[in-house]
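*Asks:* Each protein sequence line maps, in turn, to chains V and S. Positions 1 to 259 (our numbering) are the ones given, in order, by the first sequence. Positions 1001 to 1142 (our numbering) are the ones given, in order, by the second sequence.
Source of the hints: derived by calculation from the structure; they are not laboratory data. Possibly wrong hints are sitting among the right ones.
[Said to hold, decoys possible] Calculated lysine-lysine pairs in the DSS-like style (CA-CA distance at most 30 Å, straight line): (1) V:LYS135 to V:LYS151; (2) V:LYS5 to V:LYS150; (3) V:LYS72 to S:LYS1094; (4) V:LYS237 to S:LYS1094; (5) V:LYS156 to V:LYS72; (6) S:LYS1140 to V:LYS137; (7) S:LYS1084 to S:LYS1094; (8) S:LYS1084 to V:LYS135; (9) V:LYS135 to V:LYS237; (10) V:LYS237 to S:LYS1105; (11) S:LYS1140 to V:LYS5; (12) V:LYS220 to S:LYS1105; (13) V:LYS72 to V:LYS150; (14) S:LYS1105 to S:LYS1094; (15) V:LYS175 to V:LYS156; (16) V:LYS84 to V:LYS210; (17) S:LYS1094 to V:LYS77; (18) V:LYS137 to S:LYS1084; (19) V:LYS220 to V:LYS135; (20) V:LYS84 to V:LYS3; (21) V:LYS84 to V:LYS175; (22) S:LYS1084 to V:LYS237; (23) V:LYS85 to V:LYS72; (24) V:LYS135 to V:LYS156; (25) V:LYS220 to V:LYS210; (26) S:LYS1084 to S:LYS1140; (27) V:LYS77 to V:LYS151; (28) V:LYS85 to V:LYS210; (29) V:LYS220 to V:LYS237; (30) S:LYS1105 to V:LYS77; (31) V:LYS135 to S:LYS1105; (32) V:LYS220 to S:LYS1094; (33) V:LYS137 to V:LYS156; (34) S:LYS1105 to V:LYS72; (35) V:LYS85 to V:LYS135; (36) V:LYS237 to S:LYS1140.
Model, not experiment: these values are computed from the prediction.
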Amino acid sequence: MPKVKNEEEIEGIVFQEYEDIELNSPSYLIVGFPDAGLVGGISISHIIREMGPMEVGGIDIPRLTPPVVFVKDGEAKPPMKLFKKENILMIASEIPIPATTIQVFSYALLEYAMRRRVDFVIGITGLGSGERVNKEKPSVFAAYSGEKIKKVLGEKSIPLFSEGAILGPFAIFLKEARRFRLDSTVLLAEAFPELPDPEAASVAIEALSKIIDVNIGVQKLLEEAEYIRLRNRELMKQTARLMAQAGRGAEAQPSLLYT
Amino acid sequence: MSWEDEFDLIRSYIRRRMKELEKELENAFSSMHVIHPSMSIRPSSFDEPLHEAYETEDECVVVVDVPLLDETNVTVVAQDGLIKIEGRTRRAIKAEEIGYSVIRKEISRYYKEIAISRQCDVSNMSYSIRNGRLVIRMPKLK
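Using the sequences provided together with the hints, build the complete structure.
*Replies:* Given below as structure tokens:
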């Protein structure tokens, strides 16, 4: 494992840092997991490739069954990696979050973000939509919690998610962020829920670029889309099974209350 | 109903619930197995594309993910409640090109059989291919 400088255990989740992490304001934590259409995972992977951040840490879930570690060039690393570039932290996960771990993991991540003085937590995810099949370029919407991020989304003309339920870790990020003195938003890109969807990831990244004021090109992502889809077939199968357990796929359903 | 009967009912409910919980736990743990490109996969799954299917009020839609498909070399046939899809890729793609460092297979063809609901009118099936996705549409039988 890389040499760990700082280690913190929050709610049983272990955060390891390979160097001291300090962020200038406005600071961001960008989070994407393998989920609907693998939008979050593909997005984060592309953002890291384009921005070239430093790998500054890792996150481990010690009670994960079966235990898993990822190896690169012989070196073992935790299943989630922490990257940093200037005022932006990013979390890249090699695994979908198991339904049984979503609660503790999400609260631990919010606590960690607060301790590192993050201002905005930005999640990227797919929104399973029957309309996706009819669109060359899918739409992206934002849900938010907090006045500062509301203002940013308005200034950058990011369309808001009009109505529906959000399930999984991003639900916790949205409803609990204020208790951790954070503003939070989730970018939801229309996607094929059970097929890897790099095109959906590209529209999410375009929206993110506007929010954080950093130009992140998506041309390469679109050019390599078919290879990315082939590469991620097995991960998509695994993820689809976990999403079914977590009840994902209900986002687009209307609310019972219509007032 | 006597007390003993009621206890039997409770006992049988608890036994049933315990079995359900065991099943749920088994499912939860089995789905945690992570497969990464560098790990082994069943060779039989290599040629089989992912798909998703859904129904609207008027039609049945099946989307099959067939990246790098040669659009001039694909057959889609509906037969006995199944849609059979066969096609070749534009070129053979070695497993190592898409991140599999251990296995030595390649993808040069796709084959998939998908069960279709009886409500879907396969005799009026149509399909299109865009960006390596095969979209099959069938009107719903009235």
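*Asks:* Holds or violated: are the alpha carbons of V:LYS156 and V:LYS72 at most 30 Å from each other?
*Replies:* Measuring from Cα to Cα gives roughly 38 Å; hence the hint is violated.
*Asks:* Does V:LYS135 sit within 30 Å of S:LYS1084, going by the straight-line distance between their CA atoms?
*Replies:* The hint holds at about 25 Å.
*Asks:* Can the restraint linking V:LYS77 and V:LYS151 be considered satisfied, given a maximum Cα separation of 30 Å?
*Replies:* violated (38 Å)
*Asks:* Straight-line Cα separation of V:LYS5 and V:LYS150 no greater than 30 Å?
*Replies:* violated (36 Å)
*Asks:* Under the criterion that the straight-line Cα-Cα distance not exceed 30 Å, is the pair S:LYS1084, S:LYS1094 satisfied?
*Replies:* Holds, at about 25 Å.
*Asks:* Between the alpha carbons of S:LYS1140 and V:LYS137, is the straight-line distance 30 Å or under?
*Replies:* holds (27 Å)
*Asks:* Is the Cα-Cα distance between V:LYS135 and V:LYS237 30 Å or less?
*Replies:* Distance of about 23 Å is within 30 Å: holds.
*Asks:* Would you check the hint for S:LYS1084 and S:LYS1140, treating anything up to 30 Å between C-alpha atoms as holding?
*Replies:* The given pair, whose Cα atoms are some 19 Å apart, holds under the 30 Å limit.
*Asks:* When you check the alpha-carbon spacing of V:LYS220 and V:LYS135, does it fall within 30 Å?
*Replies:* Distance ~20 Å between V:LYS220 and V:LYS135 Cα, so the pair holds.
*Asks:* With a cut-off of 30 Å on the C-alpha distance, tell me whether V:LYS135 and S:LYS1105 pass.
*Replies:* At roughly 34 Å apart (the allowed maximum being 30 Å), S:LYS1105 and V:LYS135 break the hint.
*Asks:* If you draw a straight line from the CA of V:LYS85 to the CA of V:LYS72, is it 30 Å or shorter?
*Replies:* Distance ~21 Å between V:LYS85 and V:LYS72 Cα, so the pair holds.
*Asks:* Given the hinted pair S:LYS1105 and V:LYS72, is their alpha-carbon gap at most 30 Å?
*Replies:* Holds. S:LYS1105 to V:LYS72 sits at ~22 Å (cutoff 30 Å).
Checked against the numbered hints given earlier, this structure breaks hints 2, 5, 11, 13, 27, 31 and 35; the rest are met.
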